[in-house]
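Trainee: Sequence:
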Amino acid sequence: MRKIILSFVVDVGSYALKGGAMYKAWLLFLLFIIVTGSYTAYIQLKEGLITIGATDQIPMELFFANFIFTAHVAAAAILVVAPGYFYHRKDMKELAVIGEIIAMVFVATGITFILFHMGRPDRLWHMVPFIGYLNFPNSMLVYDTIVLNVYLYLNLIGISYILYKKYVGEFDTKALARWFTPVIYLAIVWGPLIRSNARMGAWSTAVMPFGFLAMAGASGPSLVILLFLLIRKHSKLHINDSVIDLMSTIIGWSLGIIMLVFAAEYFTALYSNTEHAAPLNYSMFGHNGLNMYVPWFWGTVGAIVACFIAILIPKVRKSYDRWLPVVCVVVFLAILVEKPMMLVFPAFSPSPLGEYTEYHPTFIELYNVVSTWAVGFLSLTLIVKGAVGILTGEVMYRKPETTT
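Everything in the sequence shown is counted per our numbering, starting at 72 for the first residue and increasing by one.
It is worth saying that the hints were derived from the structure and are not from the lab.
Be aware that one or more of the hints could be misleading.
Said to hold, decoys possible - In silico DMTMM-like pairs for lysine to aspartate or glutamate, Cα to Cα no more than 20 Å straight-line:
1) LYS304 <-> GLU465
2) LYS304 <-> ASP392
3) LYS236 <-> GLU429
4) LYS237 <-> ASP312
5) LYS164 <-> ASP312
6) LYS236 <-> ASP82
7) LYS470 <-> ASP312
8) LYS307 <-> GLU465
9) LYS304 <-> ASP162
10) LYS237 <-> ASP162
11) LYS236 <-> GLU165
12) LYS386 <-> ASP316
Stated by the list, open to error - The calculated label-pair distances, taken between Cβ atoms and stated as ranges, are:
13) ASP127 <-> GLU165: 49 to 59 Å
14) LYS161 <-> ARG191: 47 to 57 Å
15) MET363 <-> ILE384: 31 to 41 Å
The C-beta atom is built at its ideal place from N, Cα and C for all residues, glycine as well.
Can you build the whole structure from these sequences, using the hints too?
Mentor: Structure below.
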């Protein structure tokens with residue numbers, strides 16, 4: 072058994088490292104960012120949060136904003152798994168493991184952002200039961216830890232089981248349905264829970280949950296489409312157009328809901344013209360020359376509206392090699408930018424003393440964010456590449472020949 076597991080790890084790892092010049096250049100590029108980013112991470116861990124741009128007025132930095140976004144993408148991975156197991160779509164069931172890989176990688180990436188956000192991750196033992204104090208459910212950090220780690224391990228179990236059984240040639244659909252499908256269903260149900268860990272008091276509006284879920288439904292499938300298009304182009308794994316079309320439909324509906332939620336929230340806040348609308352006014356129009364967030368706000372809103380209109384056009388949705396990838400990239404980046412520049416930073420202005428503040432991240436903070444994303448995309452690339460090798464039959468266990 073140990074020899075088979077070792078063979079599984081070696082075969083998948085060696086296959087994941089194989090590829091053309093562009094593939095190897097991509098891996099080396101990510102590896103360079105990670106290696107150089109280890110130095111900036113060391114500086115932050117050594118010097119503390121003084122090395123980043125957080126202030127008394129804005130205590131939430133880029134790490135927290137990016138964590139919220141990774142939770143979007145991780146939760147949206149269930150949109151790949153759910154159609155296969157809830158609606159028994161054969162074209163989606165084979166690809167469910169890819170969705171679980173996306174969820175696992177981006178949950179791990181989000182946890183990394185939280186470790187940077189904490190400043191002193193070496194003190195995590197304080198929340199370990201018996202030797203510390205698990206302040207549940209009062210502590211948001213404990214809630215994050217439980218929800219994220221359970222979702223991470225559920226997907227890790229699913230990925231390992233499916234890929235290993237396919238690798239050794241013992242994959243039994245009936246056995247999977249009997250013993251393992253409940254784990255997949257639990258992962259599907261657990262996914263939306265990680266959406267609730269970013270909703271804190273400063274953002275408790277009635278439409279916030281719907282906006283968060285809609286953004287997950289837009290950003291996650293955008294990454295899924297880009298990944299599926301690359302897999303279909305550079306591997307032997309067959310992915311039907313119907314899968315891409317379903318993801319495009321989900322993006323279209325999600326963008327429509329985002330626009331509806333934005334319109335309702337902006338109209339309600341601006342029409343009443345109370346002090347609660349001050350952060351929104353600040354991000355939309357600026358305040359006394361502080362206009363840092365204004366171009367980001369209108370650029371993000373314009374990108375979302377433009378992508379919604381574009382994805383309604385059949386020729387754009389069917390342009391798998393040109394326009395659809397462009398739309399997916401713009402949607403992904405627009406929602407990523409929305410987190411710090413529209414959701415997090417403006418929410419802290421004005422302060423209780425009436426102060427308006429702009430957030431200016433430091434180079435160390437920016438590079439730690441970039442290097443964390445590099446770790447996530449490197450992990451995603453290698454794990455998906457190995458999984459594709461197993462799904463296509465290029466990586467399989469070969470029993471040693473016995474001599475008589």
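Trainee: Could you work out which earlier hints the structure fails to respect and list their numbers in ascending sequence?
Mentor: Those not satisfied are hints 3, 4 and 7.
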